[in-house]
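**Student:** Here's the letter readout for the chains.
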Amino acid sequence: MKLLTLNFLTCARKTCKSTAAAFPLHPKEAELEQVEMDMNPLFITNMLPRLEWEAMKTLTTELGLPNLPAEPPSAEELADESGEPTQTLKDLHTLLMETSIASGKLVCGNCEHEYAVKEGIANFLLPSHMV
Amino acid sequence: MAEVEYRGENYEEQHVHTVYEQIASHFSSTRYKPWPIIERFLKELPAGSVGLDIGCGNGKYLAVNPSIFLVGSDRSHNLAEIAAQHQPHSVVVADILDLPHQPHCFDFAISIAVVHHLSTPERRVQAIRSIVESLKPGGKALVYVWALEQESSRRGWSEQDTQDVMVPWVMRGSKKDHGDRHEANGGHSHSSDKTFHRYYHLYRKGELEQDVHAADGCVIDAGYEKDNWWAIAEPTQR
Numbered sequence: 011m012k013l014l015t016l017n018f019l020t021c022a023r024k025t026c027k028s029t030a031a032a033f034p035l036h037p038k039e040a041e042l043e044q045v046e047m048d049m050n051p052l053f054i055t056n057m058l059p060r061l062e063w064e065a066m067k068t069l070t071t072e073l074g075l076p077n078l079p080a081e082p083p084s085a086e087e088l089a090d091e092s093g094e095p096t097q098t099l100k101d102l103h104t105l106l107m108e109t110s111i112a113s114g115k116l117v118c119g120n121c122e123h124e125y126a127v128k129e130g131i132a133n134f135l136l137p138s139h140m141v
Numbered sequence: 009m010a011e012v013e014y015r016g017e018n019y020e021e022q023h024v025h026t027v028y029e030q031i032a033s034h035f036s037s038t039r040y041k042p043w044p045i046i047e048r049f050l051k052e053l054p055a056g057s058v059g060l061d062i063g064c065g066n067g068k069y070l071a072v073n074p075s076i077f078l079v080g081s082d083r084s085h086n087l088a089e090i091a092a093q094h095q096p097h098s099v100v101v102a103d104i105l106d107l108p109h110q111p112h113c114f115d116f117a118i119s120i121a122v123v124h125h126l127s128t129p130e131r132r133v134q135a136i137r138s139i140v141e142s143l144k145p146g147g148k149a150l151v152y153v154w155a156l157e158q159e160s161s162r163r164g165w166s167e168q169d170t171q172d173v174m175v176p177w178v179m180r181g182s183k184k185d186h187g188d189r190h191e192a193n194g195g196h197s198h199s200s201d202k203t204f205h206r207y208y209h210l211y212r213k214g215e216l217e218q219d220v221h222a223a224d225g226c227v228i229d230a231g232y233e234k235d236n237w238w239a240i241a242e243p244t245q246r
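Chains as they are written, first to last, in this note's numbering: chain L, 11 to 141; chain E, 9 to 246.
No lab work stands behind these hints, which were simulated from the structure alone. It is possible that part of the hints are untrue.
Below, computed lysine to aspartate or glutamate pairings styled on EDC-like, alpha-carbon distance capped at 20 Å [to be verified]: (1) E/213 to E/229; (2) L/24 to E/29; (3) L/12 to L/39; (4) L/24 to E/224; (5) L/24 to E/106; (6) L/27 to E/217; (7) E/234 to E/217; (8) L/38 to L/108; (9) L/128 to E/29; (10) L/115 to L/41; (11) L/24 to E/201; (12) E/41 to E/52; (13) L/27 to L/64; (14) E/213 to E/235; (15) E/234 to E/115; (16) L/24 to L/124; (17) E/213 to E/157; (18) E/144 to L/39; (19) L/27 to E/106; (20) L/67 to L/101; (21) E/213 to E/169; (22) L/27 to E/224; (23) L/115 to E/106.
Cβ-to-Cβ under 7 Å is the rule here; a few derived chain E residues that face chain L [as the list claims (entries may be wrong)]: (24) 56; (25) 110; (26) 112.
Each residue gets a CB set at the ideal place from its N, CA and C atoms; glycine is no exception.
Let's have the full structure, built from the sequences with the hints guiding it.
**Tutor:** The following block contains the structure:
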């Protein structure tokens with residue numbers, strides 16, 4: 011599961027969903043893998059304003075990845091004068107699209123429920139007593 | 009009415025979820041062509057739109073527009089695994105009534121041939137509420153459900169028929185082992201064929217719109233296409 015996904019996921023429990031503590035989910039015992047993907051500069055540029063930057067910073071720290079800058083890069087930092095993708099954009103592509111959680115758990119910061127990730131797919135089905 | 013009372017989560021587990029899990033790969037091999045209205049809905053979205061495909065099945069709609077980002081979800085792990093192959097999108101296993109997404113966050117959502125698998129009126133409205141709730145103000149959801157009115161289909165249901173039905177899915181036996189297949193049983197079935205039954209609630213004209221309203225959504229467009237009712241819904245402004 012690519013890291014970009016975590017920007018759009020929270021706890022599945024109704025009581026947690028709207029709480030700030032449930033987002034982002036916290037990876038635990040995560041096995042990371044790099045899944046190569048063709049870079050689409052426009053896609054990355056479009057996703058940048060959608061990113062919850064603080065959450066992405068938390069995630070990279072928790073996963074032991076290089077720290078992100080304090081502030082999100084501006085759109086101008088993603089392409090050089092000739093319109094070519096910059097290293098900043100390439101790094102975002104690597105982080106968001108190629109860095110993936112192969113297995114592990116995603117933990118809710120509100121209720122502490124753990125969701126399993128297996129073979130790159132997170133499972134959010136709740137046991138019936140938690141629904 | 010006794011039959012109605014035992015419908016709900018456990019009923020769907022047995023008559024919907026377990027079946028899809030078993031027929032996943034065969035089902036997927038028959039689902040590859042996007043329907044035109046859904047294709048158009050997805051293609052008209054501005055590049056960079058972020059949305060959900062709730063009950064994405066094998067993910068055939070994930071392949072339509074690579075400049076949007078979709079998080080697909082399905083109750084069936086086997087189908088989710090097939091759907092996960094479609095880049096740049098993502099797929100998780102989740103239940104429509106307990107979606108793992110922030111409310112009021114998404115530009116759009118689609119839920120195609122999913123809501124009709126919920127087995128009580130309350131659960132169907134709840135499912136649509138779940139879809140509509142995921143949307144930003146002004147976000148749009150496209151919902152498709154099977155119609156009761158499908159006289160011209162091979163199933164031939166019409167207005168007088170019952171709306172809660174079990175629909176067979178026949179998984180053919182291996183052709184290799186049965187070269188004489190056309191001779192047996194007129195070519196329709198075979199001893200090694202396996203039939204699974206899935207629960208469906210067939211929607212009546214107007215019923216989908218009613219459910220959208222009951223789920224605090226407003227219908228901005230709706231229609232009928234090839235045995236299905238569809239509606240495009242927006243969250244009601246408060």
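**Student:** All hints are to be evaluated individually against the structure, with a verdict given for each.
**Tutor:** Evaluation of the provided hints:
no.: 1; hint: E/213 to E/229; result: 14 Å, holds
no.: 2; hint: L/24 to E/29; result: 26 Å, violated
no.: 3; hint: L/12 to L/39; result: 16 Å, holds
no.: 4; hint: L/24 to E/224; result: 17 Å, holds
no.: 5; hint: L/24 to E/106; result: 7 Å, holds
no.: 6; hint: L/27 to E/217; result: 27 Å, violated
no.: 7; hint: E/234 to E/217; result: 18 Å, holds
no.: 8; hint: L/38 to L/108; result: 19 Å, holds
no.: 9; hint: L/128 to E/29; result: 17 Å, holds
no.: 10; hint: L/115 to L/41; result: 9 Å, holds
no.: 11; hint: L/24 to E/201; result: 42 Å, violated
no.: 12; hint: E/41 to E/52; result: 18 Å, holds
no.: 13; hint: L/27 to L/64; result: 18 Å, holds
no.: 14; hint: E/213 to E/235; result: 11 Å, holds
no.: 15; hint: E/234 to E/115; result: 27 Å, violated
no.: 16; hint: L/24 to L/124; result: 15 Å, holds
no.: 17; hint: E/213 to E/157; result: 8 Å, holds
no.: 18; hint: E/144 to L/39; result: 33 Å, violated
no.: 19; hint: L/27 to E/106; result: 9 Å, holds
no.: 20; hint: L/67 to L/101; result: 14 Å, holds
no.: 21; hint: E/213 to E/169; result: 13 Å, holds
no.: 22; hint: L/27 to E/224; result: 19 Å, holds
no.: 23; hint: L/115 to E/106; result: 18 Å, holds
no.: 24; hint: 56; result: 3 Å, holds
no.: 25; hint: 110; result: 5 Å, holds
no.: 26; hint: 112; result: 9 Å, violated
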